[in-house]
Structures are given as structure tokens and as C-alpha cells.
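K.L.:
Sequences listed follow chains H and F, in order. Mapping of the first sequence onto this note's numbering: position 6 corresponds to residue 6, and the numbering continues sequentially without gaps. Mapping of the second sequence onto this note's numbering: position 91 corresponds to residue 91, and the numbering continues sequentially without gaps.
The set of hints was computed from the structure by calculation and includes no laboratory data. Possibly wrong hints are sitting among the right ones.
Non-contacting residues of chain F with respect to chain H, defined by C-beta distances greater than 12 Å in every case (computed) [claimed, not checked]:
id : residue
1  : N148
2  : V164
3  : L193
4  : G197
5  : I201
6  : A206
7  : S222
8  : P270
9  : G332
10 : N407
11 : N552
12 : T553
Listed next, the stretches of chain H that the computed footprint assigns to chain F, with coverage defined by at least 3 CB atoms under 8 Å from CB atoms of chain F [claimed, not checked]:
id : segment
13 : 42-55
14 : 74-87
Glycine residues also receive a C-beta, built at the ideal position from the N, C-alpha and C atoms.
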Amino acid sequence: MIRRTPLAGLWLVSLLAGTASACGQTDTENHTPQSNGIIVQCASELTPTQCDQALARHHVEVVKSLGRPGLFLVTQPKGKSVTELVDALRSDPALKYAEPNRRVGR
Amino acid sequence: MGASTWREIGPGIAHVKLPIGSDVMAVLEAYRNDPSVDYAEPNYLVRKAETLPTDTRFGEQWGLRNTGQTVSGVAGVAGADIGVTRAWDLHRGDGSVIVATVDTGVDYNHPDLAANIWTNPNEVAGNSIDDDGNGKVDDVHGWNFARNSNDPMDDDIDGHGTHVAGIIGAVGNNGLGVSGVNWSVRIMPLKFLDADGYGDIADAVAAMYYAIDHGARIINASYTSPQRCILDTPSTAEREAIAAAGRAGVLVVAAAGNFRCDNEKTPFYPASHALNNIVSVAATDAFDNLASFSNAGANSVLLAAPGVNIFSTVRQGLVVNNRPVDYNTISGTSMATPMVSGVLALLASYRPGLSAGELRETVLKSVDAKTSLADKTLSQGRLNADAALRLDLPSQTPFQAGFIQANAVGDNRIDLSWLDNSTHEQGYHVERRIGSAPDFTRLDMLAANSQSYSDSQVQLAEGSAYRYRVVAYNAHGDSPPSREAVITIPLLAPNGLSSEVQYNQVRLRWTDRSQAEQGYQISRREDYGLYQVIGTTAANATEFVDHGVRANTRYYYQVRAISDVVGNSMAASELMVLTPGTPLTVESRDPVLPGQMCLFTAALGANHPALPPIRTARDWVANRSTLGRHLIAFYYRVSTRLLWWWKGRA
Numbered sequence: 001m002i003r004r005t006p007l008a009g010l011w012l013v014s015l016l017a018g019t020a021s022a023c024g025q026t027d028t029e030n031h032t033p034q035s036n037g038i039i040v041q042c043a044s045e046l047t048p049t050q051c052d053q054a055l056a057r058h059h060v061e062v063v064k065s066l067g068r069p070g071l072f073l074v075t076q077p078k079g080k081s082v083t084e085l086v087d088a089l090r091s092d093p094a095l096k097y098a099e100p101n102r103r104v105g106r
Numbered sequence: 001m002g003a004s005t006w007r008e009i010g011p012g013i014a015h016v017k018l019p020i021g022s023d024v025m026a027v028l029e030a031y032r033n034d035p036s037v038d039y040a041e042p043n044y045l046v047r048k049a050e051t052l053p054t055d056t057r058f059g060e061q062w063g064l065r066n067t068g069q070t071v072s073g074v075a076g077v078a079g080a081d082i083g084v085t086r087a088w089d090l091h092r093g094d095g096s097v098i099v100a101t102v103d104t105g106v107d108y109n110h111p112d113l114a115a116n117i118w119t120n121p122n123e124v125a126g127n128s129i130d131d132d133g134n135g136k137v138d139d140v141h142g143w144n145f146a147r148n149s150n151d152p153m154d155d156d157i158d159g160h161g162t163h164v165a166g167i168i169g170a171v172g173n174n175g176l177g178v179s180g181v182n183w184s185v186r187i188m189p190l191k192f193l194d195a196d197g198y199g200d201i202a203d204a205v206a207a208m209y210y211a212i213d214h215g216a217r218i219i220n221a222s223y224t225s226p227q228r229c230i231l232d233t234p235s236t237a238e239r240e241a242i243a244a245a246g247r248a249g250v251l252v253v254a255a256a257g258n259f260r261c262d263n264e265k266t267p268f269y270p271a272s273h274a275l276n277n278i279v280s281v282a283a284t285d286a287f288d289n290l291a292s293f294s295n296a297g298a299n300s301v302l303l304a305a306p307g308v309n310i311f312s313t314v315r316q317g318l319v320v321n322n323r324p325v326d327y328n329t330i331s332g333t334s335m336a337t338p339m340v341s342g343v344l345a346l347l348a349s350y351r352p353g354l355s356a357g358e359l360r361e362t363v364l365k366s367v368d369a370k371t372s373l374a375d376k377t378l379s380q381g382r383l384n385a386d387a388a389l390r391l392d393l394p395s396q397t398p399f400q401a402g403f404i405q406a407n408a409v410g411d412n413r414i415d416l417s418w419l420d421n422s423t424h425e426q427g428y429h430v431e432r433r434i435g436s437a438p439d440f441t442r443l444d445m446l447a448a449n450s451q452s453y454s455d456s457q458v459q460l461a462e463g464s465a466y467r468y469r470v471v472a473y474n475a476h477g478d479s480p481p482s483r484e485a486v487i488t489i490p491l492l493a494p495n496g497l498s499s500e501v502q503y504n505q506v507r508l509r510w511t512d513r514s515q516a517e518q519g520y521q522i523s524r525r526e527d528y529g530l531y532q533v534i535g536t537t538a539a540n541a542t543e544f545v546d547h548g549v550r551a552n553t554r555y556y557y558q559v560r561a562i563s564d565v566v567g568n569s570m571a572a573s574e575l576m577v578l579t580p581g582t583p584l585t586v587e588s589r590d591p592v593l594p595g596q597m598c599l600f601t602a603a604l605g606a607n608h609p610a611l612p613p614i615r616t617a618r619d620w621v622a623n624r625s626t627l628g629r630h631l632i633a634f635y636y637r638v639s640t641r642l643l644w645w646w647k648g649r650a
């Protein structure tokens, strides 16, 4: 989320060329988020073992814990699209929510 | 004493002048010994108070003190700054407040930052033991979530995180480089963006929870989705992490975005989560105008702060224009955001008893109102550090509600929701204006902390606009009204769309259900085309004839009620029609043998049930190709001759 001064001229050109159309309008098309795994949160009443079992049902593996019990970044198994996996995880009552892990930037 | 009264400056208070050469102290003593004089004192000279640091490049920090100096070739307007030099007369930070920078990392060795970098008090450096049991070994100065390591050193190509950190708290008055908004503060480096400035939500969320768990009072979030002005889906994980921060008394200060978008139409996260521990920040330039690149949002972006050509620390040795630098100028709402984080931290250390909500509301109530920001931010103003430190929040009216929305439910109910941005309101007034009524009328009075209301005393009329706003109030008066939430009840769409199709025209008919339409609009498309308006009718019309059709063509029609005042209705269900081929004009070309007797008719009889399907095949299959037409013509010509020949034989 920065603007570099040395590139101000370039930025101005790109602004004139493209930004106006890009930002002045609302793109209502669905965009496929770039995904780097899936974020899942197990239901609060689940024990860690039950949470592990719930994730195992969907053949996902924990990449890392995200700082709260039952909140994980998990892998996307081969052969399943992000949408399919997220839909399956969301329909599992043992999981509070699931969403693609999207990219962000400065 | 020879003194003479120069002027009365209040009841019984005189400003006296002394003769030249008088001994002021002796005169004062004489006055003070006079029983008829309550008090006497010198008339001191005063000047505008201001504390200027010794940092050598402070003059380039126009956002902190704008004297109209030229920075990056731009000379701004004196006073278009956050007034922090006057705030420093009161307080300069005391190192008691932790601000987490969830960013590209921080150069914690930078000489202008090192003294203000947070150190984990429960971790022993370099012993390879997780002393505090938080699952992270030797997280002495934060954590690198991008690489899962204990080194949050900034490696960004622009030194973004270090720049942000310097704005919040580069060591002040150290005769070196720049000054942060806080001269003394604790910056917690939490790196989750990589060297190119990209990362993911999972790591941002983990970083926020780390900040919450390790005592941060403020999280600076100078990051957003890299998508431009699209209808983005908010991350539940991110929202829950920020909500958890709120419950822990932690504020999240978030950049509004750099794409010139209207965040009301295309929300930008995390700034656009409707949570009252988020402070979303737009950027201003040195003229107090909204920066040309800055996103805005009248309902959801709370305030603006300097964000153009901001001079601050960068990671040491960063190469800019082929030479290594330790400081650089960068623009963005990323830079405006730490200005606000810095002032919140300054205020938090100056008034340690303030809650997170009170800190936030104090900063919002103390902005400098700017007409250039009137429709761009909810507060309509630019950050003012001095005013924030001097504001006595309990003596103020409440700050206005944000994120107001209205939704029609059924035929006689509208549900409102809003974000309560005030900590000391006594309640809310709900106000409504229907249609062209000139003024709002008060509907109801709600308890403090209310954030929703159902208006069930309303009969929703087609084509009418219902406007709502809420006003927070307390003993000192009303807040400014919230922005307006508008529900316009759309026109009733026509239904029962039907057609009467000929090869050269289509007659459409529908049922007029609307009482408020100005007419009907008819649109048409072909198989792979887009809908185009082909005509309009007067009000109350129920049919339209399309003369512009071709034979043998499939068309799709839509009809909608239209109004310049309240907008158009939804379209009636799409209607598909297929125009027939041009009528057959097959005639015998033999003048001696006129007539169109047909072999099938002669053989089967005129009323045989097989004839209609044969005729259908003739008209809808054979007649649609050149070869078919030749075959039909051949058939008629030959069959007539054959019949005459057969008749002659018989």
C-alpha cells in the first residue's frame, strides 16, 4: 500500500492509462481468489482430538496453527478444487468456518 | 507607583502600564501588599507553544510540521499537518505503549529505531528455548510469520515496514534523522509480508493474535487486498481476529487503500470490517486535500492523515537511485495509517486510563474539519495530535455512528443497522424521511450502545424512497447525524409476458402491475447478443409491437416498468420467440396446368391427420434452406403434372 516517489511519473502514466477505468467502476464479476491453502476453524466445543478427526475426514493436513485453538491453515488435497474443498468443509458441522487463504499486499 | 490603567480586561481586573524605567518587581510587591488588590502579576509575553526535536531531518517531515517547506519538490500549506509539535509540549511518549506493526518486518537495528523496538520480557535471547511457552523459540523482538522464524528483519524492496515503524516511533530528539510521532514507544515487529510486499491472510491473522497475546494496545495494519475496486469477500478469520483484538482492548488501524476507490461501493479489507475497534485511514497531501490515490468512504473510512511524500526510516542500506540510504520518502495510505497509530499511542501513554474505544473516539472527535474531506471520511477531517491530547472527551457530544444500512423486510418493515462509534452516548434517536418530505422526523429513542432498529410502522409504497439516519446524544447535545441509509421500494415488475408471433412482427403483451411507472421499456436480444432497448411505451401500456424482426430468427424479450424518479423495476421473466419463415408462395409454373394439387392431399384426403405434420415439416424444416425450398417447388410442380397425367389415364 505504498506510492514510491521515484516512480511517481510512471504511476501517473499508469493512472491515466488504466487506473481510472479500473477504479472508477465496480467489477461485479466473481473473481477466483488466489489461494494458498485453506483457513479452517473447528467448532469451539470440539476437543483437539475431535478437531484433528474432523480435518482428517476431509483429507487435509495442518500446515500451521494460527494462534488460536482449532484455527489452522490446511493443505488442499490433490484432485479437489478450492471451491469443492471449501464447500465440503463448510458443510461439516464440526467446523465453524473455512475459507481460502487469500493473498494480501502492502 | 505611577501606574496608569490602560484597559479593563474583566470585572475588577485592570491591565496597568508602568512608566518607563519602573522596577516591575517592586511595583508588584507594592500591589501585593495592598489589601484592596487581590492579586497582581506581570503580563507575560507568550508565543505559540511548540516543541521541536533535534532530529536533523525533521524539517522534511511536513506531516508532523508543515511550514510550507518544499519536500520532494512540493511546497505545501503551512499548518496542513497533524500538529504534533504542540502535542509534544504536553507529552512525547514514554515507552509504555506497544504498537504492533503487522507488515514487512522492521529493521530493528536501525539507529533511529533500535531504542524503541519492543523486547519480549519473557524470552531469553539466543538460548534456543521457548522461555515463555508461546510455541515460538527466541521471539525476542517479534516474529517472522512469513518464514516462521524469530527474525522479523525487514527485507522489503522498499523498506515498507521500517518506514511505517519510523512514522510511529523513530526515536525523537536524538539528533539523528527523523522523529516519530512518539519519541518513545515500543514497536513490535511482526513480519508477514515477504520481500516483494505480499503475504496472506493466515499469517496476518496469526500475527494479530500474537500482538493481542503479547500486550500490544495498537495494531498497525498497512496492508489490503491487492485487488482493485472489486466486490471483495471479507475474510471471516481476519474479522474474528480483529474482533478478538477489540475484546482485548486493542485497536486495529487500517489503511483505506490506494486505488481511488469508494470503499462504500467496493469495501476494502481489513479497513472495511464494520467493527468499532478498527480505525480506517485515508491519506492527505501537504495541502490538506485527499491524496490523489487514496480510497475514501463517507460511512466507513473514519479520518485522514498525511500520506504523500512522507519521509521516514527505511531498512539500512536500501538502495534508492543507486545509493544506499537509511531514510526515504514514500507515499500511500500505508503512511497515513501509522500517523494515526502514532497519535493513538501518544494519547494512550498520555492518558493511560482511556479505554480503546475512548482513545479511538478522542482521536475522531479532535480532527481538523476539512471541506475537502466532507464526503470522503466519516469524521470529515484530518488527524490532529495536539487537539487529541487536549480533548476532554466526557465534555463532548458523541461521535456519529457509521456503517448505517437499511434493508426492507416484507411489505411493512425496514431493518436498520449501524456501528456505534461512541463510548459515552446516552442513547440514539432514529430519524426517518419518506419520499419528498422536506425534513427528517424522529421515530424513536433507543438505549446507549444500540446498533439496530426495526421500523415496522411503515407501509412500503411502490416507488417511494425511505431515508433513515441515527443521532447519538448525551447531556452535551447531539452527535452529527450518521450518513443516510436509503431504501427505495422498486416499481412492481410486469408479469404474464406473452407473444403473438408472425414472420415480420412480434406482438408482446403483459400485465401492468405498477401504479407509479412512467412507461415500459422493451429490450431484445438474439441468441448470443446483449439486450438492447428497442422501444418504450407510455404509462399503463400492456402491449408493444416489434416490427423490426426477421423471419426464421430466435429472439428474447424483456419488459420492465421505468421511472426517472425511483429507477426501473426488475424485468418480467424473459420470453423467447421464434419467428416463422416467410410464407410459402409456391405456384405451378405451368400456365396450362394451374393449381396446387398435391400428391399427399390427393392420396390421403384433405383432412387426413398426417397432413399437418407434413405441412409443419415443410414450413419449419424444408423451407429454412435453399435446397429445401427447391425441393418444395419441385414437388409442387411435379405433383401437379403427375396428377393431371394420372387423371388423364384414368
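K.L.:
Non-interface claim for N148/F: all C-beta distances to chain H beyond 12 Å?
P.N.:
Violated, because the least Cβ-Cβ distance between N148/F and chain H comes to about 7 Å, which does not exceed 12 Å.
K.L.:
Compute the least Cβ-Cβ separation between A206/F and chain H, then decide whether it is above 12 Å.
P.N.:
Given that some Cβ of chain H is not farther than 12 Å from that of A206/F, nearest at about 4 Å, it is violated.
K.L.:
Taking the closest pair, is the beta carbon of I201/F still more than 12 Å from chain H?
P.N.:
5 Å, violated
K.L.:
When you look at the beta carbon of P270/F, is every beta carbon of chain H farther off than 12 Å?
P.N.:
9 Å, violated
K.L.:
Are all C-beta atoms of chain H more than 12 Å from that of L193/F?
P.N.:
Violated, since 5 Å does not exceed 12 Å.
K.L.:
Taking the closest pair, is the beta carbon of T553/F still more than 12 Å from chain H?
P.N.:
Correct as stated: the minimum Cβ-Cβ distance to chain H is 30 Å, above 12 Å.
K.L.:
Count residues of the segment 42-55 of chain H with a Cβ under 8 Å from any Cβ of chain F, then say if the count reaches three.
P.N.:
violated (count 0)
K.L.:
Are three or more residues of the segment 74-87 of chain H within 8 Å, CB to CB, of chain F?
P.N.:
violated (count 0)
K.L.:
Regarding the assertion that S222/F does not contact chain H, is the least Cβ-Cβ distance greater than 12 Å?
P.N.:
5 Å, violated
K.L.:
Just double-check G332/F for me: nearest Cβ-Cβ distance to chain H has to come out over 12 Å.
P.N.:
4 Å, violated
K.L.:
Say whether it holds or is violated: N552/F keeps its Cβ farther than 12 Å from all Cβ of chain H.
P.N.:
34 Å, holds
K.L.:
Compute the least Cβ-Cβ separation between V164/F and chain H, then decide whether it is above 12 Å.
P.N.:
9 Å, violated
Figure legend: structure checked against the earlier numbered hints; hints not met, in rising order: 1, 2, 3, 4, 5, 6, 7, 8, 9, 13 and 14.
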